[in-house]
Amino acid sequence: MAATTEGRALFTRQSSGLVREVSVLNALFFNTAAFIGVGVGWYPVFYSLAFVAIGTAGGFTTYGIAAILIGLACVILSLIFASLTSVMPRSGGDYVFTSRIVPRIGPFIGWMESWTLAFASVAIIAFEIPVFVRNLQITGRIVGIGTNSDFFNGANTWFTDSSGAVTDVPGFLAAIVVLVLIGIVSFQPTRRFHRIVTVLAGIGLAGMVVMFVVGMLTITPESFAANLPTYANGTTVDTLVKAGQDNAVIGNVNLDPALFSFVAGIVLLNYIGFQYSAYISGEIRGNVRRGILIAVLGALVVAVFMNSVYTDFLSARLGVNGQIGWGVLYWLGSPDLPLGQPNSLPLTAAIAQPGLWPIWTFVSVAVTLFPFLLCPVYVAFLSRVQLAWSLDRQVPEWFGAVSERLRAPANAILTALIAAGVFALLQNFPILRQVGLGFLAPTDGKLNLVATLWFSILAAALTWIMPGVNAILVRWTRPDLARDAPFITWLPLLGAVWVVIMVVLYWFAGLSPIINFVGKLEAESQLDYLNRTGVSFTLLIFAAGIVVFLIAWARNRARGIDTGLMYRELPPD
Amino acid sequence: MAKPFRLYVCSDLHASERAWRKLLNATRANTYKVDAVVIAGDLTGKALVPVVEEPAGTFRATLLGTRRVARNEAELAELERSIADVGYYAVRVSPAEAARMETDPELVSRHFHEQITRRVRDWMTLAAERLEGSGIPVYLMPGNDDDFAIDPVLGESTYARNVNEQVVDLTPWHQLVSMGWSSPTPWSTPRELPEEAFLDRLSDLMTGVRDARKTVIMTHVPPYDSGLDTAPLLSPSLQPTVSAGDVLRGPVGSTGVRKAIESFHPVLGVHGHIHESGGERRIDSTLCVNAGSEANHGVLRGYLIDLTADGVERSMRVEG
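Which chain is which? The protein sequence lines are A and B, in order. If you count the first sequence from 1, position 391 lands on 391 in my numbering, and the numbers rise without skipping. If you count the second sequence from 1, position 130 lands on 130 in my numbering, and the numbers rise without skipping.
None of these hints come from the bench; they were simulated from the model. Mixed in with the good hints there might be a few duds.
[Unchecked claim] Pairwise CB distance ranges (calculated):
hint: 1; chain 1: B; residue 1: R110; chain 2: A; residue 2: V548; range: 49 to 59 Å
hint: 2; chain 1: A; residue 1: R104; chain 2: B; residue 2: R67; range: 37 to 47 Å
hint: 3; chain 1: B; residue 1: A99; chain 2: A; residue 2: L493; range: 32 to 42 Å
hint: 4; chain 1: A; residue 1: W490; chain 2: B; residue 2: R81; range: 41 to 51 Å
hint: 5; chain 1: A; residue 1: L493; chain 2: B; residue 2: R67; range: 53 to 63 Å
hint: 6; chain 1: A; residue 1: L540; chain 2: B; residue 2: P184; range: 49 to 59 Å
hint: 7; chain 1: A; residue 1: V548; chain 2: B; residue 2: S109; range: 51 to 61 Å
hint: 8; chain 1: A; residue 1: W490; chain 2: B; residue 2: E114; range: 37 to 47 Å
hint: 9; chain 1: A; residue 1: F313; chain 2: B; residue 2: R81; range: 47 to 57 Å
hint: 10; chain 1: B; residue 1: S109; chain 2: A; residue 2: V504; range: 51 to 61 Å
hint: 11; chain 1: A; residue 1: V548; chain 2: B; residue 2: T207; range: 44 to 54 Å
hint: 12; chain 1: A; residue 1: G202; chain 2: B; residue 2: D204; range: 52 to 62 Å
hint: 13; chain 1: A; residue 1: F399; chain 2: B; residue 2: A2; range: 27 to 37 Å
Note that beta-carbon positions come from the ideal geometry of N, C-alpha and C, so glycine has one too.
From just these sequences and the hints, can you work out the full model?
As structure tokens, this is what we get:
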């Protein structure tokens with residue numbers, strides 16, 4: 001059949017109507033807030049996180065090129081989500097798709113997929129908390145540059161221990177304050193919650209626009225190089241470049257999958273969240289397919305722009321190699337770190353153009369807001385996943401009970417906050433060592449940020465891969481639902497291409513380095529390597545997921561509940 | 001101890017052919033191992049799609065934003081089935097009639113009337129064909145969206161039984177009291193009653209039961225402020241009320257149902273009406289369930305309720 005028509009296509013009668021609640025704009029903001037995090041200021045810091053050579057070609061760095069290529073690939077994911085959500089428009093996203101589409105083991109795979117994603121997300125929240133605190137310090141340093149105030153020049157001592165790190169009691173207290181603030185926002189009634197998210201996201205995006213426009217107009221590599229020694233205790237751009245060269249992080253653009261996949265993996269980490277409106281698709285009003293496509297593709301366009309044009313062009317105004325070297329010093333925890341802070345864009349802009357410090361302060365506040373904003377948005381998304389678990393009896397029913405006041409699953413929200421609090425504890429105190437699990441957190445017994453990030457990337461593997469698998473299978477395993485799905489003819493092909501991209505990426509950036517112990521220190525045992533990089537912790541979470549699934553299965557069986565009935569396909573013909 | 005009596009409850013199928021056929025097939029194959037099926041109202045659809053016959057003998061229609069053309073009988077049947085699957089009614093018309101429908105509400109109304117009664121009749125016939133001999137009774141009732149025109153059709157049904165405003169024996173221990181009317185809605189739908197009148201009728205029915213505490217009460221509209229009745233609040237122009245970029249939500253259920261449950265303490269409340277507010281809640285000792293509805297997406301949502309002489313032994317949400 002093909003197509004053409006004119007005139008009115010639908011007549012409706014007077015009847016009560018189903019009205020969904022989340023607008024496309026809400027969903028777009030939800031996705032944007034879910035992925036940006038520290039990006040408005042910190043994307044240049046991520047150039048060097050993978051510790052592979054970053055080069056520049058045609059005005060874009062290897063990172064920017066990865067952002068564009070991964071962005072193009074993510075269009076496939078967007079189409080898959082738009083198709084699946086239009087025939088299964090409900091809260092819970094991937095968990096619902098996988099548990100219903102994959103035959104027999106679908107509920108287990110769906111559970112593991114969402115369980116590991118939940119912990120990856122909680123780890124990201126835990127990562128964002130010290131980053132939020134760090135951004136308060138950076139904002140103080142910017143004001144200090146502008147006003148020469150001793151109080152603000154000493155901002156590095158805010159929330160830090162004697163070594164200058166955001167850890168121990170000061171770090172934990174700061175984390176608790178941030179968690180309480182997140183809790184206050186998360187426990188608002190839905191209307192007020194969305195209002196807060198919208199206002200904060202608006203300020204954050206305004207900061208991004210101001211940073212890009214004013215930065216491109218006023219910053220030059222020369223002004224940055226000339227002023228850096230004044231504010232960074234004599235450190236020069238050449239010193240930064242040398243740090244990058246010494247660690248082989250400055251080089252040429254290299255698209256060899258064995259190296260490029262590492263950079264692409266970092267980009268994926270920074271993109272995660274652009275698709276999260278699919279998890280609340282049960283609440284999106286209007287044409288779900290169109291709404292999801294606009295929200296997901298819109299957020300993807302913002303993500304690609306910010307990780308490529310925004311980051312690379314602004315970094316070029318500061319000198320790309322110097323930015324790479326500064327990032328290296330940050331990730332290595334070097335005592336030579338300029339100003340004791342990472343190269344957040346408003347901070348480097350304040351060095352280049354100190355007279356514009358009020359503008360950079362505003363941008364830094366915006367940079368500070370986004371990591372904070374990400375947390376309640378994640379909590380909201382996690383609570384919807386937990387609600388779906390609860391409805392399917394993967395966890396006790398009380399877990400997903402909806403609060404009358406909030407109209408949201410309060411217990412699930414509280415659980416996500418407590419889990420983030422536990423991560424904050426483990427990051428700030430050597431508790432793991434004290435309970436005999438110190439091997440999970442060498443060298444000081446605390447979870448470190450790099451390990452947390454690798455944990456997040458590894459733990460999110462299923463959530464990146466399974467949409468492709470679902471797209472391949474749905475036509476055959478759920479023909480009753482897929483028959484009228486958009487792009488149904490192309491869905492298996494889209495799924496196959498996406499799976500190949502993700503498997504290649506995860507092989508080169510995840511499994512192969514682990515198997516080959518890439519980056520292992522000479523004096524380090526293989527086990528310590530796995531522990532330091534967060535691999536052991538990831539395996540532990542996988543094992544915990546299996547145990548919880550089995551407990552839930554046994555509990556349901558004891559109560560006479562056959563959960564297999566919940567997912568059973570009912571043939572219509 | 002006697003084996004529990006298992007109910008399958010669902011609601012708001014809204015003319016979705018796919019959901020109805022899933023229900024019948026699941027019942028015939030006894031997928032859920034149920035002893036009875038209960039459908040809590042709103043059987044009919046809300047939208048009509050003109051399938052326009054063109055001079056070349058082809059048919060065209062637009063379904064969910066996708067324009068489709070059928071070039072032969074097989075494609076036409078497939079197109080009409082797709083329209084029926086999402087709960088819409090396909091009506092074959094000439095270009096001239098399609099144009100007339102845009103300006104003639106009476107004509108549209110006549111088409112609705114014809115299509116609604118035909119779909120319900122077809123459904124009842126199919127139910128008899130598929131379920132005769134299965135031993136699983138199907139109890140149903142119209143909801144507030146269902147025109148009175150379907151009542152005679154339901155009355156002719158030989159298998160599925162319309163139990164609206166009746167008291168029937170449901171399980172060895174429980175009776176079923178049904179009330180398809182709803183409290184007033186902003187849309188002024190066919191079956192609405194003021195809350196006081198609604199409560200009076202329901203209370204009259206309850207006085208006829210053997211034991212109120214061993215009663216299953218089926219009302220299309222859920223109890224007020226139960227969490228099963230949360231929906232966007234509408235302005236007088238029937239638009240969602242928006243404040244600060246967010247839609248205001250609130251309880252839209254029936255205070256009459258709530259009062260009846262709090263007064264009579266039935267063992268189970270079966271409800272529907274608010275598609276997006278599915279779930280289960282307790283009001284005092286009464287378990288209330290609203291299966292919600294995704295019938296228009298071809299998904300059949302329901303609840304399995306195991307009843308014993310002592311009450312509800314277990315409940316479980318299912319979908320297929």
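Quick rundown of the hints versus the structure:
no., hint, verdict
1, R110(B) / V548(A): 49 to 59 Å, "holds, 58 Å"
2, R104(A) / R67(B): 37 to 47 Å, "holds, 38 Å"
3, A99(B) / L493(A): 32 to 42 Å, "holds, 41 Å"
4, W490(A) / R81(B): 41 to 51 Å, "violated, 23 Å"
5, L493(A) / R67(B): 53 to 63 Å, "violated, 24 Å"
6, L540(A) / P184(B): 49 to 59 Å, "holds, 56 Å"
7, V548(A) / S109(B): 51 to 61 Å, "holds, 55 Å"
8, W490(A) / E114(B): 37 to 47 Å, "holds, 38 Å"
9, F313(A) / R81(B): 47 to 57 Å, "holds, 54 Å"
10, S109(B) / V504(A): 51 to 61 Å, "holds, 59 Å"
11, V548(A) / T207(B): 44 to 54 Å, "holds, 49 Å"
12, G202(A) / D204(B): 52 to 62 Å, "holds, 56 Å"
13, F399(A) / A2(B): 27 to 37 Å, "holds, 32 Å"
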